[in-house]
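Enquirer: The lines below spell out each chain.
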Amino acid sequence: AQSVTQLDSQVPVFEEAPVELRCNYSSSVSVYLFWYVQYPNQGLQLLLKYLSGSTLVKGINGFEAEFNKSQTSFHLRKPSVHISDTAEYFCAVTSAFGNEKLTFGTGTRLTIIP
Amino acid sequence: NAGVTQTPKFQVLKTGQSMTLQCAQDMNHNSMYWYRQDPGMGLRLIYYSASEGTTDKGEVPNGYNVSRLNKREFSLRLESAAPSQTSVYFCASSEDIRASGSNEQFFGPGTRLTVL
Numbered sequence: 001a002q003s004v005t006q007l008d009s010q011v012p013v014f015e016e017a018p019v020e021l022r023c024n025y026s027s028s029v030s031v032y033l034f035w036y037v038q039y040p041n042q043g044l045q046l047l048l049k050y051l052s053g054s055t056l057v058k059g060i061n062g063f064e065a066e067f068n069k070s071q072t073s074f075h076l077r078k079p080s081v082h083i084s085d086t087a088e089y090f091c092a093v094t095s096a097f098g099n100e101k102l103t104f105g106t107g108t109r110l111t112i113i114p
Numbered sequence: 001n002a003g004v005t006q007t008p009k010f011q012v013l014k015t016g017q018s019m020t021l022q023c024a025q026d027m028n029h030n031s032m033y034w035y036r037q038d039p040g041m042g043l044r045l046i047y048y049s050a051s052e053g054t055t056d057k058g059e060v061p062n063g064y065n066v067s068r069l070n071k072r073e074f075s076l077r078l079e080s081a082a083p084s085q086t087s088v089y090f091c092a093s094s095e096d097i098r099a100s101g102s103n104e105q106f107f108g109p110g111t112r113l114t115v116l
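Taken in order, these protein sequences are the chains called A and B. Numbered by this note's numbering, the letters in the first sequence go through residues 1 to 114 in order. Numbered by this note's numbering, the letters in the second sequence go through residues 1 to 116 in order.
You may find that some hints are simply not true.
[Unchecked claim] Okay, derived cross-link-like pairs now, DMTMM-like style, lysine to aspartate or glutamate, Cα gap no bigger than 25 Å in a straight line:
id	chain 1	residue 1	chain 2	residue 2
1	A	58	B	104
2	B	9	A	8
3	A	69	B	104
4	A	49	B	26
5	A	58	B	95
6	A	69	A	8
7	A	49	B	104
8	A	49	B	95
9	A	49	B	79
These aren't lab readings, by the way, just hints derived from the structure by calculation.
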């Protein structure tokens, strides 16, 4: 089984500043990793995913994440945030073998300060 | 394409009442899921269906039942609602991992349920 830890429940950031949202996972097998974003009163939509290959993954809205196998991390970054990035961000993991379910972290609420 | 749709968007129930949450997807996905989202707890899987005609329990199945009516539709039923079931419910779907290469899930807009 897999697990995900998002250490920061809330992250306030000034507009145009950089941000990093942390995600650590635990698994005994190879994994696929995802970041989802949830804007207020909406469902979740995929930001980016890591399946294999390059450890730096680029997603929508200028976000990117780096897979670090030795540190079992998949941190999400953006060099300059905008007010519209205010949302909740969820990291998720699944086994790379078979039809395994997604396991979600508890989420990080990103608040952009004007 | 509509993607994943859910009805209703909002619902208020009294303790002991029953209701069914509806979900449909038009992406021809095999797998469908029901989650609940509570503050500080992320998304927790209630039930899932890997294919038409099959359903399995997730992390928090107690108090719920599901029906995979056909490939498109997956409903969630609360037989006797309790205040602890006040939550936001999300339906999701995904293609078979062997076909898609991943388990990317597509989510509906959610149903906000309050049980008084």
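Enquirer: Which hints, by number, does the structure contradict?
Expert: 2 and 9
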